[in-house]
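Colleague: Now for the letters of each chain:
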Amino acid sequence: MSQDQSEILKRALTREKAARKAAEKILEEKSRELYFTSQRLEQLLDEKSSQLQGVFENIADAYVVMDLQGNVIKFNEAATKLFGYDVSIDKVNVTNLIYKEDYQYAMTSFYELYTKGFFKGYEARVYTKSKEVKWVHINASVIYDKDKKPVAAQGIVRDITNQKISEEKLIESENRLASLVVNLDSGVILEDENRKIVLTNNKFCELFGLKASPKDLIGLDCKAASEQNKILFKDPDGFLKQMRAIDEAKKEVLGDELEMVDGKILERNYTPIVLGQKSKGYLWTFKDVTLNRTYRKSLEAQKQKYYSIIANMNLGLVEVNNQDEILMVNQSFEQLSGYTEKELKGKNAGEIFSAETGSEIIKEENKKRQKGLSNSYEIKAKNKSGEIRYWLISGAPNYNLEGEVVGSIGIHLDITEIKNLELQKEKLLAKLEKSNDELQEYAHIVSHDLKSPLRSIYALVSWLKEDNQGKLDDVSLQNFALIESTLEKMEQLITDVLNYSSVGADNTAKSEVNLNTMVSELISMLYIPDHIHIKSLNTLPNINGDKTKLQQLFQNLISNAVKFIDKTEGHIIIDVEDLKSHYKFSIKDNGIGIDKKFHDKIFKIFHALNKSKDSTGIGLSIVKKIVNLHEGEIWLDSQPTVGTTFYFTLKK
Amino acid sequence: MIKKLKILLIEDDMIEIMKLNRTISTLKLDHTIIEANNGEVALQILEKKDNLPDIILLDLNMPKINGIEFLKILKNDDVLKYIPTIILTTSNNQKDLLECYKIGVAGYVIKPLKYEDYVIKIERLLAYWSINELIVV
Chain A
69 MSQDQSEILK
79 RALTREKAAR
89 KAAEKILEEK
99 SRELYFTSQR
109 LEQLLDEKSS
119 QLQGVFENIA
129 DAYVVMDLQG
139 NVIKFNEAAT
149 KLFGYDVSID
159 KVNVTNLIYK
169 EDYQYAMTSF
179 YELYTKGFFK
189 GYEARVYTKS
199 KEVKWVHINA
209 SVIYDKDKKP
219 VAAQGIVRDI
229 TNQKISEEKL
239 IESENRLASL
249 VVNLDSGVIL
259 EDENRKIVLT
269 NNKFCELFGL
279 KASPKDLIGL
289 DCKAASEQNK
299 ILFKDPDGFL
309 KQMRAIDEAK
319 KEVLGDELEM
329 VDGKILERNY
339 TPIVLGQKSK
349 GYLWTFKDVT
359 LNRTYRKSLE
369 AQKQKYYSII
379 ANMNLGLVEV
389 NNQDEILMVN
399 QSFEQLSGYT
409 EKELKGKNAG
419 EIFSAETGSE
429 IIKEENKKRQ
439 KGLSNSYEIK
449 AKNKSGEIRY
459 WLISGAPNYN
469 LEGEVVGSIG
479 IHLDITEIKN
489 LELQKEKLLA
499 KLEKSNDELQ
509 EYAHIVSHDL
519 KSPLRSIYAL
529 VSWLKEDNQG
539 KLDDVSLQNF
549 ALIESTLEKM
559 EQLITDVLNY
569 SSVGADNTAK
579 SEVNLNTMVS
589 ELISMLYIPD
599 HIHIKSLNTL
609 PNINGDKTKL
619 QQLFQNLISN
629 AVKFIDKTEG
639 HIIIDVEDLK
649 SHYKFSIKDN
659 GIGIDKKFHD
669 KIFKIFHALN
679 KSKDSTGIGL
689 SIVKKIVNLH
699 EGEIWLDSQP
709 TVGTTFYFTL
719 KK
Chain B
-18 MIKKLKILLI
-8 EDDMIEIMKL
2 NRTISTLKLD
12 HTIIEANNGE
22 VALQILEKKD
32 NLPDIILLDL
42 NMPKINGIEF
52 LKILKNDDVL
62 KYIPTIILTT
72 SNNQKDLLEC
82 YKIGVAGYVI
92 KPLKYEDYVI
102 KIERLLAYWS
112 INELIVV
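Protein sequences, first through last, are from chains A and B.
For the first sequence, position 159 matches number 227 in this note's numbering, and the numbering has no gaps at all.
For the second sequence, position 69 matches number 50 in this note's numbering, and the numbering has no gaps at all.
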């Protein structure tokens, strides 16, 4: 090796040595620097973590750390308070805290946490230790170790129970309000400051005849709409003008009335809505008050009508309270009583007009009315001039709005004239009855007085015959016989007249009469020649009537039939037919018959067709009278030489 | 035994009195007839209590006191009320008939028109009363 070479090498070595030395120095410096840095960093980290620790420990919200199986590792103070568990004692797994209905949602959120590393804004219900249900809001994230391996999860839990409840309440009341507005009986329209519709309801659409639904109207311009709708009102320009004025003034207007073309009357209210200092819009409400208005009007008319009826009616009207003090009388009553309303007000109605029993009756009737009974009665009253008048009073209790009897109202009709007529009628009737009786009595006396001489003449004739027996010639004896038969006819005539006057005179009470028994008894009593046969086709009914007279009726008709049968074989047939309210009887004979032209005449008194010894012409008049007394009629069917049928009806 | 009756006939009609008298004589009956033309006369006769009639035949239609009034007076008298009184009249007024029986009569006979019938009725009437026991005062 050469010097040079070794020199070069030496020098190079020295250079190298120096360089290394310098590098070593730099390194040493750097490493010292690094040391310091790391020293400072560590300090910083410590600071940070203790700072963080403090944050988590002290934040108002709950802070939870759990392992990946959901076992809670750590609860901060707020979490302990929220869930009620003390993790240093209780073993808590978060899955047990989940409210059962929210389980699915919770699982989805956990999955999100593990895959994405976090979740935010989880809101669900949880159970606390005391099984209380609470609404919570959770933000959570996964904690990794230095090898980026997940080791745990942490979350911030906020109790939002109260918030949730008030939110629900708000929604509920909003819904309620909305449905209230929609279904309100008033038309409502809420507009914003720019007169755009914010809210309206069904009634509004109905009142204005809009086919759209309330929802469709939202956002429409009110100003334009009102201009379209003005034609609905009787005074369209007035409606617009008024609306504009209100809109400009922006002051509350209540109770405006608008008349619509179709006769409806709307009440319009305008209310500006101000929140704080800021205008939030304007509320218009419209209400259909047509019924109220017309009701009030018709009520007024009705009242007027009744008032004028009461004032002008021809009946006296008096209103009294429960103490019978007069509160009101109408004009007719003033005329009726002679007193003015002024004189009567406050007076006792029963006493002021009292006449004999009048006030007693009024008291009695008032008592009944207090019980709510309506009644009508007659009283004798004294008017102002002391005259006695008869009043017909129709009274009814008067009620107040609570339905209590507060008095009564009486309608008075002066029936003095009618009453007088009635009394007069009663007197006349009594008089008539008396004179009828007297007449009856008179008829008997007359008949007695007429019959007595007949008896005397008869006796005298008999004595003449007796005393001159054998001395009288045939003509004289014949004449004596004629005197006797004339006397007999006279006697019969008087008897019949008396009977005729008796029918209808004495009003013997009617009773149930068995005609069947009566007629068969009658037939056995009467003289019926052997060649005449009497037959009843049906059982005769019972009749409500006068037995003696009914007997006379059948007797007269049957003996008439017997009397006028001229055939060698006589038949009398009695029959009956049931009509609704009457019975129709018939008595048929095969006698001489009666010519048609006499059919009416024979029922008239003294119209005997056959002047004979035993026919006075009164019998059928009596028959007709008896039939009429029993509300029936009599007629006949006859053919001369063939026979006659008498028909008559008697009321059941 | 057939009694001889003392008969008081109260009758205002002369011929009626004749009729009764003739009837009794025709029938040859042995009765005594006392005549009274009206109620007043009859009452005077009845005052003699020792000579009272056995029966009374009374007409209803009479002047002054009529038959019914007379009957009432009779029935109010303690003694006279026992004398059988038979009404003999032309009136068949139901009211009279009822009234008479109500007050108390022993019979009510209607005078028939025919004299022969009258004789028959009177004969039977007197025959009936002549076999009756009567109160003798």
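Be aware that one or more of the hints could be misleading.
Just the calculated beta-carbon pair ranges, DEER-fashion [stated by the list, open to error]:
| # | chain 1 | residue 1 | chain 2 | residue 2 | range |
| --- | --- | --- | --- | --- | --- |
| 1 | B | M(-1) | A | D634 | 39 to 45 Å |
| 2 | B | G88 | A | P521 | 46 to 52 Å |
| 3 | A | P609 | B | D11 | 56 to 62 Å |
| 4 | B | I54 | A | L550 | 41 to 47 Å |
| 5 | A | D505 | B | A87 | 24 to 30 Å |
| 6 | B | E50 | A | D634 | 47 to 53 Å |
| 7 | A | P521 | B | E50 | 19 to 25 Å |
| 8 | B | Y82 | A | G454 | 54 to 60 Å |
| 9 | A | H667 | B | K56 | 37 to 43 Å |
| 10 | B | G88 | A | D535 | 45 to 51 Å |
No more than 30 Å apart at the CA atoms, straight line, and that leaves these computed lysine-lysine pairs for DSBU-like [claimed, not checked]:
| # | chain 1 | residue 1 | chain 2 | residue 2 |
| --- | --- | --- | --- | --- |
| 11 | A | K309 | A | K298 |
| 12 | B | K83 | A | K578 |
| 13 | B | K83 | A | K533 |
Worth flagging that the hints you see were computed from the coordinates, not collected in a lab.
From the three backbone atoms N, C-alpha and C, an ideal C-beta is built for every residue, glycine too.
Colleague: With reference to the structure, classify each hint as holding or not holding.
Modeller: Hints versus structure:
1. Our hint of 39 to 45 Å for B:M(-1) and A:D634 holds, since their Cβ atoms are close to 43 Å apart.
2. Our hint of 46 to 52 Å for B:G88 and A:P521 is violated, since their Cβ atoms are close to 24 Å apart.
3. Evaluation of the 56 to 62 Å hint for A:P609 and B:D11 yields a pass: the beta carbon distance comes to about 57 Å.
4. The beta-carbon spacing between B:I54 and A:L550, approximately 45 Å, falls within the hinted interval of 41 to 47 Å.
5. For the pair A:D505 and B:A87, the supplied restraint of 24 to 30 Å holds, since their beta-carbon distance comes to about 28 Å.
6. Checking the proposed 47 to 53 Å range against B:E50 and A:D634 shows it holds: the Cβ atoms sit about 52 Å from each other.
7. Remark: the range hint 19 to 25 Å for A:P521 to B:E50 is upheld by a beta-carbon distance near 24 Å.
8. Evaluation of the 54 to 60 Å hint for B:Y82 and A:G454 yields a pass: the beta carbon distance comes to about 55 Å.
9. The beta-carbon spacing between A:H667 and B:K56, approximately 54 Å, falls outside the hinted interval of 37 to 43 Å.
10. B:G88 and A:D535 have their C-beta atoms about 31 Å apart, which leaves the hinted 45 to 51 Å range violated.
11. Distance restraint check for A:K309 and A:K298: the Cα-Cα separation of roughly 10 Å lies within the 30 Å cut-off, and the hinted pair is therefore satisfied.
12. Pair hint B:K83 plus A:K578 holds up; C-alpha atoms about 23 Å apart against a cutoff of 30 Å.
13. Distance restraint check for B:K83 and A:K533: the Cα-Cα separation of roughly 41 Å exceeds the 30 Å cut-off, and the hinted pair is therefore not satisfied.
The structure shown violates the earlier hints numbered 2, 9, 10, 13.
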